[in-house]
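So the sequence lines, in the order shown, correspond to chains A, B and C.
Throughout the first sequence, residue numbering follows the working numbering, covering 696 to 1021 in sequence.
Throughout the second sequence, residue numbering follows the working numbering, covering 937 to 1250 in sequence.
Throughout the third sequence, residue numbering follows the working numbering, covering -2 to 363 in sequence.
Fair warning: there could be bad hints in the mix.
Claimed, not checked - Cβ pair distances, simulated, as ranges:
| id | chain 1 | residue 1 | chain 2 | residue 2 | range |
| --- | --- | --- | --- | --- | --- |
| 1 | B | A987 | A | P784 | 54 to 60 Å |
| 2 | A | A1005 | B | S1117 | 53 to 59 Å |
| 3 | B | S1117 | A | G830 | 45 to 51 Å |
| 4 | C | Q90 | A | A1005 | 43 to 49 Å |
Don't read these hints as lab results, they were simulated from the structure.
Yeah, the Cβ is synthetic: ideal placement off N, Cα and C, and Gly gets one too.
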Amino acid sequence: MRMILRRIAFYVVTAIVAITVNFFIPRLMPGNPALAVLGRIQATESKQAIAALEVQYGVQTKTGLWGQYIQYWDHLLHGNLGTSLNFYPASVGGLIRAALPWTIGLVGVATVISFVLGTLLGVAAAWRRGSWLDGLLPAMTFFQAAPYFFVAILAVALFATKLGWFPPNSGYDTTTLNPGLDWAFISNVLDHAVLPAVTIVLASMAGWTIGMRNMMITTMDEDYVLLAEAKGLPTRRVVSYAARNALLPSVAGFSLAVGFIVSGALLTEIVFSYPGIGYLLFTAIGSNDYPLLQGIFLIITFAVLLANLAADFVYAFLDPRTRQEA
Amino acid sequence: MAKLLRSPKIIIGLCLSGLFGILAIIGPLVAPYNPNTSVSTINGTPMPPSAAHWLGTTQVQQDVLSQLLVGGRSTILVSLIAGAAATVLAVVFGVAAGYFGGWADDLLSMLANIFLVLPALPLLIVIFGFLGKATNPNDIVIGVIISITGWAFGARQLRAQTLSMRSRDFIDSARIVGEKSWRIMTHEILPNLVPVVATSFLFTVIYAVGTYTALSFLSVISLSHWSWGTMLYWAQSAQAAQQARLEWWWFLPPGMAVGLFGTGLALLNFGIDEYVNPRLRAAGVTGRRARRAGLPRRPQLGLTPVLSGRRAGS
Amino acid sequence: MSAQAVMGADDILIDVTGLCVDYGLGDGAVHAVVDAELTLRRGEVLGLAGESGSGKSTLAYAITRLLRPPGVITAGQARFGSSVNLLTAGQRQLRGLRWNEIAVVLQSSMNALNPVLSIGTQFSDVLRAHRPEMTRATRRAKSGELLEMVGIPADRLGNFPHELSGGMRQRVMIATALALDPSVVILDEPTTALDVVTQREILEELMALRDRLGFAVLFISHDLSLLVEIADSIAVMYAGRLVERAGANAIFRAPRHPYSLGLLSSFPSLHGPRRVMEGIPGSPPDLRNAPAGCSFHPRCGFAFDRCRHDPPPLLDLDAGTRAVSCWLQDGTAMVPAELARAVPAGPAVAAGQPGSADPAPIGGQP
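Next up, chain A with everything else stripped away, as it sits in the complex (with noise of 0.2 Å):
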C-alpha cells in the first residue's frame, strides 16, 4: 500500500507546516496583538494569567525564537493547546473537546447524506438526460453560491419562524432538559440538529450532484457501457458499470470539498448557536480569545487532514488500479 503511506507522510507534513503557521502568525503580525489583549487585561487577570500567555505568546521571554518553537511543540504532543482567556481559567483543550461532538456528529452525519444524495441525483441525471432533473441544476448552483449561513438564516426563517415546524437554535433545549442517554434527550437532540442538518446538506449537495452528472456523461461514453448494454446486462448494472467509474474523481475530489464543507458547518451552526467548534469559534473571534482561536484551528485542521486520509482509503479500496506497486 504504497500510496497510503506517501499520502500518511504527506498528512503528517502538511500537519507540521499547519503548527508551525500558527506558531508564527501572532509573532509576525503588525503590533504584536497579544500584548495589546495582555494590556487590556493586565489590570483584571491573575499574574498566572498573565504569566501563561506572555509564554505562550513569547512576550517578555528570555528564550528565543526556536525555543519557543520547541516549547510549543512540546507542549501540543501533551496535548496542551493553552488557556482561555475568554472562559479562564478553563483549558482549550477542554472547551474544544465539549463542542467537539456536537460538531462531528452533525457535519458527520450531513456530509454523509449530502455525498450520497447528490450522487445518486448526479446519476440520475445523467442517465435521464433531458428529462426535468436537468432543471435542478441552476437551482442547484445558486444553493451553492449562496453562502451556508445565509442558507441557514433562510432555513430558520422558512421552517423555524414561519412554519414552527423545527426549532430555531440551540442543540437541545437547556431550559428543560439535562443530557443523557434517555430518549427525550435524544430525540430533542435529533429534533434540534434537522435543521443544521439540512443546510449543510442543501448547501454542499450541488458540488456532489453537478461533478457527478459531468463524470457520467464522459464515463457513458466508454466502450465498457456500450458493451455492457451490449452484454444485455439490466439496466440497474448497466447504470453500476458506468457509476462505479465515475464515482472516483467525486472520491478523490472529496478531500478538496471537506475543508469546505467543515467551514460551512461553522458558520452554520453560528446561526443556530449549535453548541459546536463553530459557535465556539464565534465567541473566540467575538471576544479575542486568540489562543482558543488557535487551539480550534489546529483542531479542525487535524479533523480535515484525518477526513482526507480515509477518503484515501475509500479510493484505494474503489481503484484496484491504484493497488499494484507503483
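Let chain A serve as the given structure and place chains B and C on it in line with the hints.
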C-alpha cells in the same frame, strides 16, 4: 466564438455578472443614504420597505439599500482582486511546475497540495483575527490575503494541462529551434490554456465571494468595513430571522446578492466548460427536433432511434 | 429481394436491406450509411471491408441498435432470423437477443473492459443476466472454462483488466463473446490494436473456435488482405455505400469494382514478379458534401459521364452470387479488362501459389 455566445447559460451568466459589475462601480455613488447614519434614534425596530427606504431599515434605522450598494462594491472588488491574484499565482506555479518537472515540480506540487488540504476559512480567521483588530485592511490587502488560500486548485489544473501539452510536438519543435523557456511558456503554452485559466479565475472569484462574506459575517473583518457579509452579521445578531415578524428585507437582499453573483459566475463557468467539452452539451438528437421526427425525447443507450417513416422498420 | 434467398431462408441469420443511417437530423445530417444490404448465413464468415469513415462500423452497430447518439436509422430493414425485426424490437426483446444470439467484440479491449471490476465478475455478470438458474459455483466453473478455451489459465479470473496484456485482454473479450454460445459474433477490427504476431495468434484461435462452435462471423476490418484469408464472402464499403459484395476468392482474383481493384493493387505480395505499386489517388469524400452521382467517381480511373450524375444501384452479377455498384457492370458499357477477369475455381488463397498474399493462410485452407 459566436457559438459561445449562443448558449443560454453564458447569456444569463454574462447578464448577471455584468449587472453586478456595474453595481460595483456605481454602487456607492447611487446610494441614497450613508450606510452608517441612523435616520432616527428613537425607533428600535427595523422598518419594512417604504417609499423613503426601498429596502427598509435596520434595527438602528440605517438604510438597507445603501448598505447593499456600498457593501456591494467592497464585496465584488475583494472577490475580483482575490480571483486575479490567485489566478496569477496559479498560472505561475502551475505552468512552471508542469513545464519544468523534476524537483521544481515536486516542490510546487507539494506546496499546492498543502494549501489545498489546509482548511482555508479557519486559517484566514486566524490571520485576520490577529491582523484585523489592529489595522483596518483595505479591499486590496484583503483580496491578496484571501488569494493565498485560493491559488492551489487552479495551479493543479494548470499543471495537469501543461504536462499534457508539454509532450506535444509543437513544444518540442520550439525547444529544438532554441526558444527560451519563458517564451515557450508565455507564447506557446499559455494561449492554449486560456479556457482553463478563465474557468479557474471564475471559480476562484466565486470562492472569494463566499470566503469574504463568511469572514465579514464572523466579524473577523472589521465591522466598519461595509460588505454584504457585514450586513448579514448585523441581521443575525439582531435575530432578524427569528423574529415573529420576519425582517426579510434585512437578510434576504445581501444573501440573495451573494447567491446571484455566484450563480452568474458559475453559469459563465458552465458555459465555458460546455464549449470546451462538447460532450456536455445536449447530444444532437434531442428536444424539439427529435420530437418532430417522431423520436423519443432523450437518446437511450443501446436503443438507437429509428425514424418512424414509411420505409423504416416496416 | 436478393437472389440469394433461394438458399434456404432458415439459414439466414441477419438480413439487412436498404438501410440508411444518419448522424444528426435535418440539413446538417451526415449520411453515414446509404442503402446498405447485407446477408449473413449460419456459420458464414462475412468480411466487411472499407477505409475509416466508410460506414462499416456504423452499419454493424446500427443493425444491433447499439449505435450511439447522434446516430439515427432513417430507412431500411434489418431482421434477425425470420422472426425478429431488429428495428422495431423493444428493449426487452433486444436484451433477450443480445449476447445470447448476437455478441460483439470491440476494437480496443482496454476500453471495453470495466477497469474497476475483475474479469471473473464481468463474466459472472453476463451469465447471471442470461442464465439465472446458474449458481455462483457453476458460474465460476463456466468462467474458468471460457478462459481456458482461449488459452488463459483459469486462476486469472481474479485479475483486473490493467493486470493483463493487450493480447490477453482481447482473448478475454472473445471468451466473453462466446460465453452464451451465440449464433453471430460481430468483430470490429479485433486485432488492429495488436502487434502482428499476437494478431496472427488470436485470429488463428478465433477461426479454430469458429470451426468448433459453428457461429457466424461479421468481421469488420480495413485490412482487405486479412479478410481475403479468413472470410467466405466479403462486402466492400465506400463512403457509406456498399460497392461490391462477392465471395472472397472472387473478389481477390476478379474484382468488379474499381475501388476493390484499387485496394487489392495496394498490397505487395510476398511472391511473384515485382509490380509498380499503385495507390488510389485522392482521399475519401466528406460525407456532408458527397460528390454527385457515384461517390467514387472523383478517384476512379474508369469514370465516365454517367458516373458523375447518377448514383449506381447495387446490381446483381453472376446469377446473384455477387453484386456490384458500378455503371460499368450494368451490361451496356464496355468493361475494362482489369474488371473482367475470370474467377478461378478453388479457394482464394492457397499455400505457395504465386500472387498469394501470405504463405500460411488462416482458417485451415488446404
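Looking back at the hints listed earlier, which ones does the structure fail to meet? 2
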